[in-house]
Structures are given as C-alpha cells and as structure tokens.
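Engineer: Protein chains in written order, with UniProt numbering: chain G, 1 to 128; chain Y, 1 to 128; chain B, 1 to 128; chain D, 1 to 128; chain V, 1 to 128; chain U, 1 to 128.
Incorrect hints may have been included.
You can't tell identical chains apart in this list, so a pair holds if it fits in one copy or across any two.
Claimed, not checked - Capping the alpha-carbon separation at 20 Å, the derived lysine to aspartate or glutamate pairs in EDC-like fashion look like this: (1) K105 - E124; (2) K105 - D87; (3) K105 - E29; (4) K105 - E2; (5) K105 - E18; (6) K105 - D11; (7) K105 - D35; (8) K105 - E91; (9) K105 - E74.
Treat the hints as calculated values from the structure; they're not laboratory data.
6 protein chains.
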Amino acid sequence: MERPLVLVAEDQPLILLEVEEVLVGAGFEVETAADGQSAMSAIARHHSQLRGLVTDVRLGQGPNGWDVARHARELTPMVAVVYMTGDSDYEWVAYGVPNSQLIHKPFAHAQLITALTSLLNQAENTEG
Amino acid sequence: MERPLVLVAEDQPLILLEVEEVLVGAGFEVETAADGQSAMSAIARHHSQLRGLVTDVRLGQGPNGWDVARHARELTPMVAVVYMTGDSDYEWVAYGVPNSQLIHKPFAHAQLITALTSLLNQAENTEG
Amino acid sequence: MERPLVLVAEDQPLILLEVEEVLVGAGFEVETAADGQSAMSAIARHHSQLRGLVTDVRLGQGPNGWDVARHARELTPMVAVVYMTGDSDYEWVAYGVPNSQLIHKPFAHAQLITALTSLLNQAENTEG
Amino acid sequence: MERPLVLVAEDQPLILLEVEEVLVGAGFEVETAADGQSAMSAIARHHSQLRGLVTDVRLGQGPNGWDVARHARELTPMVAVVYMTGDSDYEWVAYGVPNSQLIHKPFAHAQLITALTSLLNQAENTEG
Amino acid sequence: MERPLVLVAEDQPLILLEVEEVLVGAGFEVETAADGQSAMSAIARHHSQLRGLVTDVRLGQGPNGWDVARHARELTPMVAVVYMTGDSDYEWVAYGVPNSQLIHKPFAHAQLITALTSLLNQAENTEG
Amino acid sequence: MERPLVLVAEDQPLILLEVEEVLVGAGFEVETAADGQSAMSAIARHHSQLRGLVTDVRLGQGPNGWDVARHARELTPMVAVVYMTGDSDYEWVAYGVPNSQLIHKPFAHAQLITALTSLLNQAENTEG
Numbered sequence: 001m002e003r004p005l006v007l008v009a010e011d012q013p014l015i016l017l018e019v020e021e022v023l024v025g026a027g028f029e030v031e032t033a034a035d036g037q038s039a040m041s042a043i044a045r046h047h048s049q050l051r052g053l054v055t056d057v058r059l060g061q062g063p064n065g066w067d068v069a070r071h072a073r074e075l076t077p078m079v080a081v082v083y084m085t086g087d088s089d090y091e092w093v094a095y096g097v098p099n100s101q102l103i104h105k106p107f108a109h110a111q112l113i114t115a116l117t118s119l120l121n122q123a124e125n126t127e128g
Numbered sequence: 001m002e003r004p005l006v007l008v009a010e011d012q013p014l015i016l017l018e019v020e021e022v023l024v025g026a027g028f029e030v031e032t033a034a035d036g037q038s039a040m041s042a043i044a045r046h047h048s049q050l051r052g053l054v055t056d057v058r059l060g061q062g063p064n065g066w067d068v069a070r071h072a073r074e075l076t077p078m079v080a081v082v083y084m085t086g087d088s089d090y091e092w093v094a095y096g097v098p099n100s101q102l103i104h105k106p107f108a109h110a111q112l113i114t115a116l117t118s119l120l121n122q123a124e125n126t127e128g
Numbered sequence: 001m002e003r004p005l006v007l008v009a010e011d012q013p014l015i016l017l018e019v020e021e022v023l024v025g026a027g028f029e030v031e032t033a034a035d036g037q038s039a040m041s042a043i044a045r046h047h048s049q050l051r052g053l054v055t056d057v058r059l060g061q062g063p064n065g066w067d068v069a070r071h072a073r074e075l076t077p078m079v080a081v082v083y084m085t086g087d088s089d090y091e092w093v094a095y096g097v098p099n100s101q102l103i104h105k106p107f108a109h110a111q112l113i114t115a116l117t118s119l120l121n122q123a124e125n126t127e128g
Numbered sequence: 001m002e003r004p005l006v007l008v009a010e011d012q013p014l015i016l017l018e019v020e021e022v023l024v025g026a027g028f029e030v031e032t033a034a035d036g037q038s039a040m041s042a043i044a045r046h047h048s049q050l051r052g053l054v055t056d057v058r059l060g061q062g063p064n065g066w067d068v069a070r071h072a073r074e075l076t077p078m079v080a081v082v083y084m085t086g087d088s089d090y091e092w093v094a095y096g097v098p099n100s101q102l103i104h105k106p107f108a109h110a111q112l113i114t115a116l117t118s119l120l121n122q123a124e125n126t127e128g
Numbered sequence: 001m002e003r004p005l006v007l008v009a010e011d012q013p014l015i016l017l018e019v020e021e022v023l024v025g026a027g028f029e030v031e032t033a034a035d036g037q038s039a040m041s042a043i044a045r046h047h048s049q050l051r052g053l054v055t056d057v058r059l060g061q062g063p064n065g066w067d068v069a070r071h072a073r074e075l076t077p078m079v080a081v082v083y084m085t086g087d088s089d090y091e092w093v094a095y096g097v098p099n100s101q102l103i104h105k106p107f108a109h110a111q112l113i114t115a116l117t118s119l120l121n122q123a124e125n126t127e128g
Numbered sequence: 001m002e003r004p005l006v007l008v009a010e011d012q013p014l015i016l017l018e019v020e021e022v023l024v025g026a027g028f029e030v031e032t033a034a035d036g037q038s039a040m041s042a043i044a045r046h047h048s049q050l051r052g053l054v055t056d057v058r059l060g061q062g063p064n065g066w067d068v069a070r071h072a073r074e075l076t077p078m079v080a081v082v083y084m085t086g087d088s089d090y091e092w093v094a095y096g097v098p099n100s101q102l103i104h105k106p107f108a109h110a111q112l113i114t115a116l117t118s119l120l121n122q123a124e125n126t127e128g
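Work out the full structure, taking the sequences as your base and the hints as a guide.
Structural biologist: Listed below in structure tokens is the structure:
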C-alpha cells in the first residue's frame with residue numbers, strides 16, 4: 001500500500017533520525033526538516049499530501065514549532081500535529097493549535113506513534 | 001455560594017447582553033468587554049480569579065478573539081475558552097488555543113452553557 | 001438571535017409535548033413529527049437547515065427511529081442524533097448511527113439537553 | 001415522566017438545599033443525606049433505583065465521600081458519581097472511583113448539571 | 001498467553017494478507033474472509049469468541065462491510081469494529097455502527113492497530 | 001534518548017516476563033515486582049521518576065493491585081495506571097483509581113501499549 005506522509009521538524013540530528021526510523025517502522029512515509037525555515041518550505045511543497053506534522057518546539061533560529069504548526073494548519077486544516085518538548089507545557093496551552101498533542105522528552109517511541117495515529121484516526125471519523 | 005468568574009468579549013451589544021444573561025442564569029459571575037482592548041485590560045485585572053472566557057472572534061478594531069484568548073492563557077493557563085463565530089471554522093484549527101471550543105452563530109444558549117461547563121469540568125479532573 | 005432547528009419524532013403526544021418544551025426552553029427552534037412517515041417528510045423539507053434529530057426508537061407503524069436517523073444522515077451528514085428508548089440498548093449498537101447518543105426513559109430533561117448540545121458542539125469543533 | 005433518582009450527601013445544610021433545588025430543577029428525583037452514615041443507609045435502601053450520587057468529600061464524622069462513593073459502586077456498578085470539594089484534588093486521583101467527576105467549590109450550578117448528565121449519558125451509551 | 005480473535009474481511013488478497021500480518025504482529029489471532037458471504041459465515045461460527053472486526057466497506061458481490069458489521073453487532077454486541085475504505089466517508093455517518101472507526105486507504109499500519117486497540121480498551125472499561 | 005520508567009507488578013513469572021519484553025520493545029525502561037509488597041517498595045524507591053504502573057489485580061499474599069495503584073497515586077499523582085485481570089470488572093468501578101484502564105486477559109500486547117501510552121499522552125496534555 002501507499003503510505004501517508006508525515007513531516008518531522010527537529011534540529012537535533014540524532015533525535016531527528018530516531019523519530020524518522022520510528023515513523024517509517026509504523027508505516028508512514030517521512031519528510032524531514034532540520035530547522036524551522038526548512039519546515040516551512042517542506043509544508044509549502046507537500047501540503048496537499050501532508051497528513052501529519054511532528055515538530056520540536058525549539059528549532060534553533062527562525063520559525064519555532066508553534067509557528068510551523070500554525071502554518072501547516074493554514075494550508076492543510078486537517079493535519080495531525082504532535083509537538084515534542086523538553087520544557088514545561090505552560091506555553092502549549094497558549095501557543096499550540098487545537099486538537100494537537102504535546103509529548104515531553106524523554107518519551108517512549110510508542111507514545112509518539114499513539115499520539116500521531118490517535119489524532120489521524122480522530123480526524124478521519126469526523127470529516128463527515 | 002460564591003460564583004466562578006467568566007469574561008465575555010463581544011462587540012455587538014445585544015448579543016453581549018444575551019450571553020451575559022444566559023451565563024448569570026447558569027450560575028456564573030460575569031464581566032463584560034465590548035472590544036478587544038477592553039478584554040485585554042479585563043484579563044490583566046481579573047486573571048487570578050478568571051475561570052472562563054467567552055469571546056467573539058471578530059471584535060472590531062484592535063485585538064481579535066484569537067489574540068484575546070492567547071493572552072488569557074498566558075496569564076491563566078487553565079482558563080476555559082469558548083469562541084463564538086459566524087464564519088467558517090477554518091481559522092480555528094490554525095489560530096485557536098488547545099482544549100477550546102468553537103460554536104457557530106446561531107447557537108442555542110444551552111450549547112454555550114454545555115461548551116463552557118464541559119471545558120471547566122474537564123480542567124478540574126485533570127489538574128491532578 | 002436566530003435559533004438552530006431540531007426535529008423531534010415521538011408517537012406519544014405527552015412526551016412529544018414535553019420534549020418540545022424542554023428544547024424550546026434550551027434555545028432551539030423545534031419541528032415535531034408524530035410518526036415515522038411524518039419524520040421522513042419533515043427531514044426532506046428541512047434537511048438544509050436541520051441541526052439535530054431527537055427520535056423515539058419505536059414510532060408505531062412505518063419507519064422506526066433507526067430508519068429515520070439513517071435517512072437524516074443521508075441528507076444532512078453532520079446532523080446530531082439522540083435516540084430515546086424504554087428498551088434495552090442491545091439494538092443501538094447494531095442499528096444506531098455513529099456519533100449518536102441513546103438515552104433511556106425515564107430521563108431527566110437536562111440529560112436530553114446535554115446529549116444534544118454535546119453532539120452539536122463536538123460536530124462544530126471537528127468540521128475543520 | 002418518571003424521574004431518575006439521585007442521592008445528594010452534604011453536611012452543610014445550605015449547600016445541601018441549593019444542590020437539591022438545582023437537581024430537581026434539572027428533572028431529577030432527589031434523596032438527601034446530611035452525613036456519611038445516612039448516605040450509606042440511603043444507598044442500601046435505594047441502590048436498585050439509584051442512577052447518580054453527588055457527594056461532598058468531607059462529611060463530618062463517619063464515612064467520607066470517598067467511602068460513600070465506593071459503597072455506591074459496590075451495590076450499583078453503573079452509578080454516576082460527582083464529588084464536590086473545596087480542597088485540592090490530589091486526593092481524588094488516589095481515592096476517587098473510575099469514571100467520576102470532581103468539581104471545586106465555588107462552582108456554577110450548570111457545572112454540576114453537566115457533570116452529572118454527561119456521566120449518565122456516557123454510561124447509557126456503553127452498556128451495550 | 002492466549003490471543004484475542006479478530007475477523008478481517010477484505011476482497012483484495014494482497015491487502016488481506018498485509019492486514020493479517022499486521023494484526024498477528026500486534027498480538028491477535030486472526031480469521032480471514034475474502035467476501036461478504038464468507039464474513040457472515042465466519043461471524044456465525046466464531047461470534048462467541050469474536051473480539052474485533054476489521055472490514056473493507058466494498059466486498060464485491062453479496063453483503064458489504066456495513067451489512068457485515070451490523071450482523072456482527074447483532075450476535076456480539078461489544079465487538080470492536082474498524083472499517084477500511086478508499087472512498088469518502090459520507091456513507092459512514094449513515095451506515096456505520098456506533099462506536100466504530102473508519103480509516104482511509106492509504107493508512108499506516110499503526111493507525112489500524114491504534115484504531116482497533118482503542119476500541120477494545122474503551123469497551124473493557126465500560127462493561128461495568 | 002532516555003526512557004520513561006514503568007513498574008510492572010505481576011505474580012505469574014511468565015506473564016511478568018512477557019509484559020516486560022513488550023514494554024521494553026515499546027521504548028520504556030521497566031522495573032518489575034513479583035508481589036504486592038515488592039511493588040510497594042519499588043514505588044517508594046522510584047516514585048519521583050515513575051511515569052506508569054502496570055499491575056495485575058491479584059498479586060498473591062499482601063497488597064493487591066488496587067492497593068498498589070492507590071499507593072502509587074498518593075506518591076505520584078500523575079502516574080498512568082493499567083490493571084490486568086482475568087476476572088469480571090465489577091470490582092474496577094469500585095476499587096480502581098480515576099483515569100485508569102482495565103484490560104482483560106487474554107489481551108493482545110498492542111492493547112497494553114495503547115492503554116499505557118494513551119494515558120501517558122492524556123496526562124501530558126492536561127498538566128497545563
């Protein structure tokens with residue numbers, strides 16, 4: 001079968017690689033972006049196929065994870081959004097998008113898969 | 001009993017009055033704001049008591065409902081947020097805050113009460 | 001404000017009247033149907049404005065509540081559906097529609113309001 | 001219509017009266033108990049008709065709200081449980097029963113109604 | 001440990017095989033059916049052990065996925081139901097069963113696992 | 001990445017081993033306890049790092065699974081709790097903790113992973 005497309009935005013190369021492997025193993029096709037600007041470009045290129053976004057909140061210079069997710073939702077309103085963070089989640093309640101999920105580092109890879117697939121399944125049953 | 005405090009931000013006076021009456025009848029104490037700037041000030045004054053925010057998305061000149069809700073969550077992370085709108089909700093998925101509710105005009109007043117009280121009750125059971 | 005339209009289908013006149021009063025008091029505009037055939041006609045006439053359906057499972061001769069709800073969803077995919085019943089709900093899991101609510105008689109009128117408004121609010125936040 | 005039975009346990013007479021009025025106004029039949037021991041007896045007498053329990057966590061001498069709810073669930077496994085408290089809810093996560101709701105004083109009476117009716121409706125749709 | 005039994009109904013042999021492998025890998029025992037009539041027979045034979053049904057909506061000649069799921073729920077009221085489809089989901093809101101999940105092709109295999117296991121876990125916590 | 005810590009309490013050695021393997025494969029760090037008393041001690045030692053508890057309801061002599069989970073929540077209010085049982089779940093509704101999950105033996109290992117990760121993700125999004 002074809003595979004649904006997910007974009008991963010993360011500025012730490014080892015975590016980016018690990019998340020990519022986990023998502024490929026779960027049956028997704030994965031695009032990666034190493035900073036916020038690359039993530040913005042990838043969204044512009046792939047938005048019509050994009051099903052999910054997994055993004056670190058901190059992405060170095062340029063747009064952060066809150067910006068990237070907002071832009072993804074502007075172009076793809078139903079895209080599933082999972083934020084990864086090492087910080088407190090006080091910011092998420094103010095800067096996150098609706099129907100998104102925040103997971104804290106360190107997390108088990110199964111937490112990431114359940115977060116992403118639950119949001120995707122929820123979106124499918126309510127497109128009505 | 002004392003009553004939990006809710007701020008209503010709405011630039012149409014008749015709707016503001018109607019929403020205030022509905023919320024008072026449901027057992028809330030209500031503050032009102034007729035535009036975005038007044039809403040911002042009311043949040044600054046009352047944020048330590050604020051339990052809920054009911055805001056129109058369009059608020060005339062100045063900050064809109066998306067701005068007001070984001071500011072409320074910055075000062076009061078657990079505040080319940082209900083947006084009222086007459087437009088499409090494509091904007092909500094990009095500009096709304098997490099764990100908020102959008103209701104379309106025209107709505108039954110019981111929809112507003114259920115939206116606000118469900119969010120309040122959900123917040124209480126997860127403060128852990 | 002204008003009011004959202006709900007159709008009530010119930011073959012017991014006293015219960016029909018009581019449900020109508022409860023819904024009007026909650027801020028809805030209400031159409032009524034005293035049997036399944038009238039409900040089918042009302043759906044055909046009003047489907048473009050219809051926001052909710054409250055139906056008894058048993059409706060005397062002709063279409064029953066399961067049929068009526070299925071027809072409403074064919075014409076209005078996002079319509080909120082609440083079934084009322086005096087029987088076991090083993091039938092609901094096989095004959096009900098997705099994202100519907102079953103409430104047993106006797107129920108408190110606030111149960112009906114919460115069932116209907118929760119489904120309406122849930123639909124609004126996921127139209128994306 | 002007949003009305004579903006709810007037991008209210010609360011040792012402050014004014015709050016007991018207020019909660020009783022709110023529940024009767026929402027369409028429930030209400031039994032009251034002014035302390036934990038009376039609540040235990042009322043559960044023993046009424047458990048076959050009991051649909052909901054609204055209990056203060058502190059009930060003076062004798063059994064507290066945690067004990068009362070546990071006993072209600074032993075005799076009536078599907079009973080809806082709402083706890084009222086003026087304290088922190090750190091205790092609820094350890095001593096509350098599953099699928100229950102905690103609401104903090106001061107609360108709007110509509111919060112209580114939504115808490116109770118949501119739990120009742122949820123129970124009905126999953127008895128399958 | 002013993003394994004819970006899931007029936008997969010799918011008329012495309014390669015997809016049937018892939019779904020079977022995914023479910024076996026997740027810890028399920030799997031029965032397969034290549035058309036609607038075989039699925040009906042398998043349900044009749046296994047309904048007392050059946051925990052889940054994963055079915056394509058289109059099954060060639062004979063009963064379709066909507067019919068198969070309705071029949072499964074008649075014999076096994078708590079069975080978890082996941083529909084797979086390549087079409088729009090307008091039909092699901094009218095013809096699906098309550099508490100079911102629709103997933104669109106192409107889906108990641110982890111979406112299928114999360115859909116099925118979430119429904120199974122939800123059923124377990126509400127048998128009360 | 002570091003891995004989140006989960007405690008497994010189970011008095012049947014083969015099931016304990018199987019559950020441990022499943023959780024390690026899903027990305028968790030696992031501590032094990034073969035009876036209720038050991039589980040109590042492990043909670044006392046690890047409560048500041050503990051993210052999840054997976055416990056059999058029956059644990060031989062000493063504290064049972066209901067006791068162990070209550071103690072874990074006293075020390076770690078946000079800990080995710082999954083109970084495993086071979087019995088009816090009538091006891092869970094009276095003796096389980098809020099926001100916990102009960103799964104029946106036999107279960108697919110993916111059910112356990114989804115139960116645990118859903119609870120963990122839910123906790124993260126509501127710490128606000």
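Engineer: Evaluate each hint against the coordinates.
Structural biologist: Hint check results:
1. K105 - E124: between (28 Å within a copy, 11 Å between copies)
2. K105 - D87: Result: close within a single copy only, 8 Å intra versus 31 Å inter.
3. K105 - E29: between (23 Å within a copy, 14 Å between copies)
4. K105 - E2: between (30 Å within a copy, 8 Å between copies)
5. K105 - E18: within (13 Å within a copy, 26 Å between copies)
6. K105 - D11: Only inside one copy: K105 and D11 sit 14 Å apart there, 32 Å across copies, limit 20 Å.
7. K105 - D35: within (18 Å within a copy, 31 Å between copies)
8. K105 - E91: Result: close within a single copy only, 15 Å intra versus 27 Å inter.
9. K105 - E74: Neither. Shortest intra-copy (27 Å) and inter-copy (23 Å) distances fail the 20 Å Cα cut-off.
The structure is inconsistent with hint 9 alone, although it conforms to all the rest.
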